[in-house]
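Asks: Now for the letters of each chain:
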Amino acid sequence: MTDLFSPSAREEALDIYRKMTLIRQSQEKIISEYHKDEIKTPVHLGIGLEGVSVGVAQCLPPNSRAFGQLRNHGQYLAMTGETDSFFGELYGKVTGTGGGKAGSMHLSAPDSGLMSNSGIVSSTIALAVGSGLAAKYLGTDVITVAMFGDAAVEEGEFWESLNFACLHGLRVMFVCEDNDVAIYTTGAERRGFDSIIGAVKGFNCYTFEGDGTDVRAVIPLAQQAVDMMIRDPKPAFMSFTWFRLLDHVGVGKDFGVSFRPIPTDEEIKAADPVYKYEQYLIGEGHAPAALQSVRDEMGDQIESSVARAIAAGYPGETELYQGVFA
Amino acid sequence: MKTELKFPEAINLAMTKAMETDPTVFAFGVDVQDHKRSFGSGLGMVERFGIERYFGSPLSEAGVTGVAVGAALCGLRPIHIHARADFVLMAMNQLVNMASNKSYLSNGKLKVPLVVRAMIGRSWGQGAQHSKTLHSVLAHFPGIKVVMPSNPQDAYSLLRSAIQDDNPVVFLENRWLYDLVGEVDDELEVPLSSCKVLRPGSDITIVSCSWMTVEAIQAARILAENGVEAEVVDVRTVAPLDSETVVNSVSKTGYSVVADSDWTFCGFAAELSAQITESCFSSLKAAPVRIGLAHVPCPTTRPLEDLFYPSAKEIVRSAEKLLDLPEIDLSGEIFNEYERRFKGPF
Chain A
1 MTDLFSPSAR
11 EEALDIYRKM
21 TLIRQSQEKI
31 ISEYHKDEIK
41 TPVHLGIGLE
51 GVSVGVAQCL
61 PPNSRAFGQL
71 RNHGQYLAMT
81 GETDSFFGEL
91 YGKVTGTGGG
101 KAGSMHLSAP
111 DSGLMSNSGI
121 VSSTIALAVG
131 SGLAAKYLGT
141 DVITVAMFGD
151 AAVEEGEFWE
161 SLNFACLHGL
171 RVMFVCEDND
181 VAIYTTGAER
191 RGFDSIIGAV
201 KGFNCYTFEG
211 DGTDVRAVIP
221 LAQQAVDMMI
231 RDPKPAFMSF
241 TWFRLLDHVG
251 VGKDFGVSFR
261 PIPTDEEIKA
271 ADPVYKYEQY
281 LIGEGHAPAA
291 LQSVRDEMGD
301 QIESSVARAI
311 AAGYPGETEL
321 YQGVFA
Chain B
1001 MKTELKFPEA
1011 INLAMTKAME
1021 TDPTVFAFGV
1031 DVQDHKRSFG
1041 SGLGMVERFG
1051 IERYFGSPLS
1061 EAGVTGVAVG
1071 AALCGLRPIH
1081 IHARADFVLM
1091 AMNQLVNMAS
1101 NKSYLSNGKL
1111 KVPLVVRAMI
1121 GRSWGQGAQH
1131 SKTLHSVLAH
1141 FPGIKVVMPS
1151 NPQDAYSLLR
1161 SAIQDDNPVV
1171 FLENRWLYDL
1181 VGEVDDELEV
1191 PLSSCKVLRP
1201 GSDITIVSCS
1211 WMTVEAIQAA
1221 RILAENGVEA
1231 EVVDVRTVAP
1241 LDSETVVNSV
1251 SKTGYSVVAD
1261 SDWTFCGFAA
1271 ELSAQITESC
1281 FSSLKAAPVR
1291 IGLAHVPCPT
1301 TRPLEDLFYP
1311 SAKEIVRSAE
1321 KLLDLPEIDL
1331 SGEIFNEYER
1341 RFKGPF
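As given, the protein sequences belong to chains A and B, one line each in that order. Note that this note's numbering has the first sequence beginning at 1, numbered continuously upward. Note that this note's numbering has the second sequence beginning at 1001, numbered continuously upward.
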């Protein structure tokens, strides 16, 4: 396994930083623009989730396929690196990933391997297993990843999908983004068992767990999962903890409202994957100016994409009726 | 080549030919690989194509439908088989929330070439959970095609078209049709979304699909023997619907009886009657008539079933009322004759 953090891999370290910055700044841009009411789609932001989004994407071989859910911006940006169609869709324009018909919960970029997302919790997990079945059927070693929140394991489809993938020995990586919160309900209020990974361990799959707020913890685990799946085809279940720094939906915060207290600055820093990775890079001797230039580069890309999205047209009556059938 | 085939043999031939010509076609479903092979429709498939292309699935209709959708998104053409359409209700999330809108929401980048085969049960105790048809429900949602053949030729040709189609297609097979024998031309292509005028007539139009088409043909024969020429329009594809053929027929005859093997309330018969009323209003000589199931859950016992399901008899009686004819003596007719052939259990 390559040591991504050795001095010889400084460029890769910057690439990881670039992706995390792109995700963070894109979401900050949504936050600053949202009040104008031009982005007319519910957004489920993943500020705090960047470590998992980037860490997993970083380990996927080029021909991999990915499926996600409603909190998918990080996954989309980590896999595509593009923001024109991303913002196009958020603004509901013809330049969007769905031509303005999909919205934030249904971003897809099949050419980059990101097949499909869904607002129905757990439903894309089965699709990922179907992708894994297709890979096996066609005799390829394609890896498929399904990313979902911890609430997805309360759906029957999760267990049906896990069972099918284990039964057929499919190369499907089940990535549980575990923030212990479903909308405003904690895990303890929703589950009759103590540990998700404990429940999964009865299945014939590899299991991993780690700190999702630390991209340097995610990458070696994800890489190990990919390597093991390639060598001996079986699904891998990965649980990464993270802390939702914003509300379930929208651009606000939900601290101190009902179910969780206002975190301290120290707690926020400890939960912030971008801040932590930045501190690590500086500690490793990366020049602050080099990091600043990455931030500027990403900022420029986002500004141009937003300008293009605002300038683009809305779909019309012709588009309304197009594409119901392939 | 033309051969006499039973309905399940026609289904079998369509799957076989599709799997021979396209290696991405495979079939799976609960217990499809067992020795009974889905009432004979899957005989020889495992032996011919191997268990990798014709295999049993866990009893997870929702998840496995999602697996089929995912496989379809990634280059395969799955056929997902259910022994009863009632089980499709457990897969509605994947069909309706996922499969139906993938093409639309991806702006055409994704396609879901999936066929869901499901059998509709009837009689010998099928009851409220093994008898539903679901075509009205499924056809309600944009993005899903619904096909209902009424004879072996259409079963063969339409299943081949369904497998070649790049969209989710639900293919509904009435279990009673499994005893039907007919000539099948394996080179005859029938596109989806085309009604067929099975019998021309000028006096009244009978619109039907699936098993009710068999009843419609019997009714038309009885009417013809009594001087009434009924036109029988077989709706082979419920969605997308070929409204034109229905409208043309009713515009000509001025009378319509829609005979459906489903509840009429909010059902396909209601939709057809509405379209007939909207499009043929000036040609209509009487209000369109709907025939369907009694609006109760399907009962189990034979005497109640006989009251629950409509037959050719109800079609004939409706035609008599519409045309103001005297009641035809039906004492020499056998109705629900296929009920005697079906010995159960499923």
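The hints are simulated quantities; they were obtained by calculation from the structure and are not laboratory data. Misleading hints may appear alongside valid ones.
List time: in silico SDA-like cross-link candidates among lysine to any residue, alpha-carbon distance up to 25 Å [said to hold, decoys possible]:
#1 B:Lys1111 to A:Tyr314
#2 B:Lys1109 to A:His44
#3 B:Lys1285 to B:Glu1320
#4 B:Lys1109 to A:Asp300
#5 B:Lys1111 to A:Thr185
#6 A:Lys136 to A:Asn204
#7 B:Lys1109 to A:Asn204
#8 B:Lys1111 to A:Pro61
#9 B:Lys1109 to A:Ala109
#10 B:Lys1111 to B:Gly1182
#11 A:Lys269 to A:Val249
#12 A:Lys136 to B:Thr1021
#13 A:Lys234 to B:Thr1024
#14 B:Lys1285 to B:Pro1303
#15 B:Lys1036 to A:Phe255
#16 A:Lys136 to B:Gly1227
#17 B:Lys1109 to A:Phe325
#18 B:Lys1252 to B:Asn1226
#19 A:Lys201 to A:Thr241
#20 B:Lys1196 to B:Gly1127
#21 B:Lys1006 to B:Glu1337
#22 A:Lys40 to A:Glu82
#23 A:Lys29 to A:Lys201
#24 B:Lys1109 to A:Val94
#25 B:Lys1036 to B:Gly1075
#26 B:Lys1017 to B:Gly1182
#27 A:Lys40 to B:Asn1097
#28 A:Lys93 to B:Gly1050
#29 A:Lys136 to B:Lys1006
#30 A:Lys29 to A:Tyr314
#31 A:Lys93 to A:Tyr137
#32 B:Lys1111 to A:Tyr137
#33 A:Lys269 to A:Phe255
#34 A:Lys253 to A:Thr185
#35 A:Lys201 to B:Pro1058
#36 B:Lys1109 to A:Phe255
#37 B:Lys1111 to A:Asp300
#38 A:Lys136 to A:Gly169
#39 B:Lys1196 to B:Lys1111
Asks: All the hints need checking, so say for each whether the structure fits it.
Replies: Okay, the hints, checked on the actual structure:
1. Between Lys1111 of chain B and Tyr314 of chain A the alpha-carbon distance is near 24 Å, which keeps this suggested pair within the 25 Å criterion.
2. At roughly 24 Å between alpha-carbon atoms, Lys1109 of chain B and His44 of chain A fall within 25 Å of each other, so this suggested pair holds.
3. Restraint check for Lys1285 of chain B and Glu1320 of chain B: satisfied, since their Cα atoms lie roughly 14 Å apart, inside the 25 Å limit.
4. Of the supplied pair hints, the one linking Lys1109 of chain B and Asp300 of chain A is violated, its CA atoms being roughly 28 Å apart against a limit of 25 Å.
5. Between the alpha carbons of Lys1111 of chain B and Thr185 of chain A the distance comes to roughly 36 Å, so the proposed pair goes past 25 Å and is violated.
6. For the hint pairing Lys136 of chain A with Asn204 of chain A, the CA-to-CA distance comes to about 17 Å; that is within 25 Å, so the pair holds.
7. Distance restraint check for Lys1109 of chain B and Asn204 of chain A: the Cα-Cα separation of roughly 34 Å exceeds the 25 Å cut-off, and the hinted pair is therefore not satisfied.
8. Restraint check: the Cα-Cα separation between Lys1111 of chain B and Pro61 of chain A comes to about 24 Å, which is no more than 25 Å; the hinted pair holds.
9. With a C-alpha separation of about 8 Å, the suggested pair Lys1109 of chain B and Ala109 of chain A falls inside the 25 Å cut-off, and the hint holds.
10. Straight-line distance between C-alpha atoms of Lys1111 of chain B and Gly1182 of chain B comes to about 34 Å, which puts the hinted pair past the 25 Å bound.
11. Annotation: proposed proximity of Lys269 of chain A to Val249 of chain A holds, straight-line Cα distance about 22 Å (limit 25 Å).
12. About 20 Å separates the Cα atoms of Lys136 of chain A and Thr1021 of chain B, which keeps this hinted pair within 25 Å; it holds.
13. As the CA atoms of Lys234 of chain A and Thr1024 of chain B are separated by approximately 22 Å, the hinted pair is consistent with the 25 Å bound.
14. For the hint pairing Lys1285 of chain B with Pro1303 of chain B, the CA-to-CA distance comes to about 36 Å; that exceeds 25 Å, so the pair is violated.
15. A distance of roughly 59 Å separates the Cα atoms of Lys1036 of chain B and Phe255 of chain A; the hinted pair therefore is violated under the 25 Å criterion.
16. A distance of roughly 62 Å separates the Cα atoms of Lys136 of chain A and Gly1227 of chain B; the hinted pair therefore is violated under the 25 Å criterion.
17. Between Lys1109 of chain B and Phe325 of chain A, the direct Cα distance comes to roughly 11 Å. Compliance with the 25 Å bound is thereby established for this hinted pair.
18. Proposed proximity of Lys1252 of chain B and Asn1226 of chain B is supported: the alpha carbons are some 20 Å apart, at most 25 Å.
19. Between Lys201 of chain A and Thr241 of chain A the CA atoms are separated by roughly 17 Å; this keeps the pair inside 25 Å, and the hint holds.
20. Our distance criterion of 25 Å between C-alpha atoms is broken by Lys1196 of chain B and Gly1127 of chain B, whose separation comes to about 31 Å.
21. Between the alpha carbons of Lys1006 of chain B and Glu1337 of chain B the distance comes to roughly 17 Å, so the proposed pair stays at or under 25 Å and holds.
22. Simply put, Lys40 of chain A and Glu82 of chain A have alpha-carbon atoms about 21 Å apart, close enough for the 25 Å limit, and the pair holds.
23. A C-alpha spacing of about 40 Å is found between Lys29 of chain A and Lys201 of chain A, which places the hinted pair above 25 Å, so the restraint is violated.
24. Annotation: proposed proximity of Lys1109 of chain B to Val94 of chain A holds, straight-line Cα distance about 14 Å (limit 25 Å).
25. With a CA separation close to 30 Å, the supplied pair Lys1036 of chain B and Gly1075 of chain B exceeds the 25 Å bound.
26. Under the criterion of a C-alpha separation no larger than 25 Å, the hint pairing Lys1017 of chain B with Gly1182 of chain B is consistent with the structure, at around 18 Å.
27. A C-alpha spacing of about 21 Å is found between Lys40 of chain A and Asn1097 of chain B, which places the hinted pair at or below 25 Å, so the restraint holds.
28. Straight-line distance between C-alpha atoms of Lys93 of chain A and Gly1050 of chain B comes to about 48 Å, which puts the hinted pair past the 25 Å bound.
29. Proposed proximity of Lys136 of chain A and Lys1006 of chain B is contradicted: the alpha carbons are some 35 Å apart, above 25 Å.
30. Distance restraint check for Lys29 of chain A and Tyr314 of chain A: the Cα-Cα separation of roughly 21 Å lies within the 25 Å cut-off, and the hinted pair is therefore satisfied.
31. Taking the CA atoms of Lys93 of chain A and Tyr137 of chain A, the gap is near 38 Å; set against the 25 Å cutoff, the hint is violated.
32. Taken as a hint, the Lys1111 of chain B and Tyr137 of chain A pair is honoured in the structure, with Cα atoms around 19 Å apart against an allowance of 25 Å.
33. Among the hinted pairs, Lys269 of chain A with Phe255 of chain A is consistent with the structure: their alpha-carbon atoms are about 16 Å apart, no more than 25 Å.
34. For the hint pairing Lys253 of chain A with Thr185 of chain A, the CA-to-CA distance comes to about 15 Å; that is within 25 Å, so the pair holds.
35. Between Lys201 of chain A and Pro1058 of chain B the alpha-carbon distance is near 19 Å, which keeps this suggested pair within the 25 Å criterion.
36. For the proposed pair Lys1109 of chain B and Phe255 of chain A, the alpha carbon gap of about 40 Å is over 25 Å, so the pair is violated.
37. Proximity of Lys1111 of chain B to Asp300 of chain A is assessed by CA-CA distance (about 35 Å); at most 25 Å being required, the pair is judged violated.
38. Distance restraint check for Lys136 of chain A and Gly169 of chain A: the Cα-Cα separation of roughly 9 Å lies within the 25 Å cut-off, and the hinted pair is therefore satisfied.
39. Between Lys1196 of chain B and Lys1111 of chain B the CA atoms are separated by roughly 28 Å; this puts the pair beyond 25 Å, and the hint is violated.
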